[in-house]
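Okay, here's what each chain looks like letter by letter:
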Amino acid sequence: MGSVLQFIKTYLHLILFVVLQILSFILIVNFHVYHKTLFFNTSNAFFASITEYSNAYKSYFQLKSSNSQLVKENLVLRKLLKENYYIQPNDTFFVSDTLFKQRYKYIAAQVVGNTTDNPNNYLTINRGKESGIQIGMGVFSPLGIVGIVEDVSDNFALVMSVLHSKAVVSPKIQELNLSQGKIKWEERNPDYVFLSGINRYEKVAKGQKVVTSPYSTNFPENLPIGTVVDVKEVDGSFLRAKVKLSANFSQLREVYVVKDLFKQELNYFDNKIKEDNQ
Amino acid sequence: MRELLKYSLILVYCFFVQLVFLENVHSFFWFQPFIILFFLLYMPYTLNKWQSVLIFFSVGIFLDTLLNSHGIHASASLFIGLFRPYFLNPSLFNAPARGDEKSIWLNKAGNKFKFAYLSIFILFYQFWVLLLETLGKNFFSIFLPTWILSSVFTLVLILLSEELLFRTFNRKDS
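Sequence order for the protein chains is A and B.
When we follow my numbering, the leftmost residue of the first sequence carries the number 163, and every step to the right adds one.
When we follow my numbering, the leftmost residue of the second sequence carries the number 229, and every step to the right adds one.
These are calculated hints, taken from the structure and not from any lab test.
Keep in mind the model is a prediction, meaning the values are calculated, not measured.
Possibly wrong hints are sitting among the right ones.
What the hints assert, rightly or not - Pairs of lysine-lysine, DSS-like flavour, derived with a Cα cap of 27 Å:
| id | chain 1 | residue 1 | chain 2 | residue 2 |
| --- | --- | --- | --- | --- |
| 1 | A | K291 | A | K226 |
| 2 | B | K277 | A | K171 |
| 3 | A | K434 | A | K328 |
| 4 | A | K394 | A | K425 |
| 5 | A | K198 | B | K365 |
| 6 | A | K241 | A | K220 |
Excised from the complex, chain A in its bound form:
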């Protein structure tokens, strides 16, 4: 108490000065119209900017929950996409009273392990057998395809990345509606893959979008793969295009696993073809 009194005694003139100066400013602001307008405009702008900063600060810490909410919402929306449904050809027969039959389902997952600098790269996701993940399922991120499930445990799955020497994807050049050739990772650059086996007479050009083909057994049609950045002729009759991947492999976090409900049926026919060719 004594020290407080001592403080007040020492700084009485400063305390008085501050209090009386505030009083003077209150008088100025209240009795001068121009000063009043200016003061309230300035203070409104000041407090508005503070509120803006505080909201931005709060929303930063809510990013995680907003993100997972968006993933859930995206999953629901993705289930409604036209590509997820098999169109029952109604000019031949009707099996049931619905026109569309669902073909693809998606399971949201998070990447918990990822490599991009090895000759053969893999990802680990936090969904496994218990979530319905099976070997051979396609995995993609919101930006583009990522890989194919290689192995599954109860709670995790190992995904063979597109950045793997053995990973092959069936592509389609969107602008030409051309489903030809195959996508492979050849150079050890995590941003680029190569599209080979395209007829030299096709008009493949820089800037064209490469998406998944309708013949792909792992992915639905039209999922982004990348963009053509360079085209060269090889062996005299084929084109080889360098494709910049859409997905950023070094920043993968949220991914979706594709469950093809027709896979078993399609595999049956694939095996038939293989047997016939052996």
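Start from chain A and add chain B according to the hints.
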């Protein structure tokens, strides 16, 4: 008691000159002198800091009431009241009084100090009042010339008032 009467008379003189003459000068010319600084700057140097703050604020607020300036002079006077005691080192005024120094303590420190002291506080007071009134608009075209002219005119008025009032007090003393 005699000192109180002397400063009361100076205060009345300042308000009178301000209201009757200087307000009219302000209406016709660009500059706006404030003779109240004569009272504030010639207050005894023995005032302690909190007394100085309180008295200067009271004078400022009273002037605001008369001039309808609502807080502007109170704010400017408060600054003078706060900083003036730091500027006035009592050792400067300890020398024995000679002539008019008996009633004008400021002359004891010499003319150099006196003009520096008067100029700094006049310039600051005029600047602060003008700034609060105009908020710095038209700085080079109006603010700056008004500030300089008003300060010079105030300084001249203060020196004339000193001649007029303190010499009178001196004659009565002798």
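Hint numbers contradicted by this structure: 4 and 6
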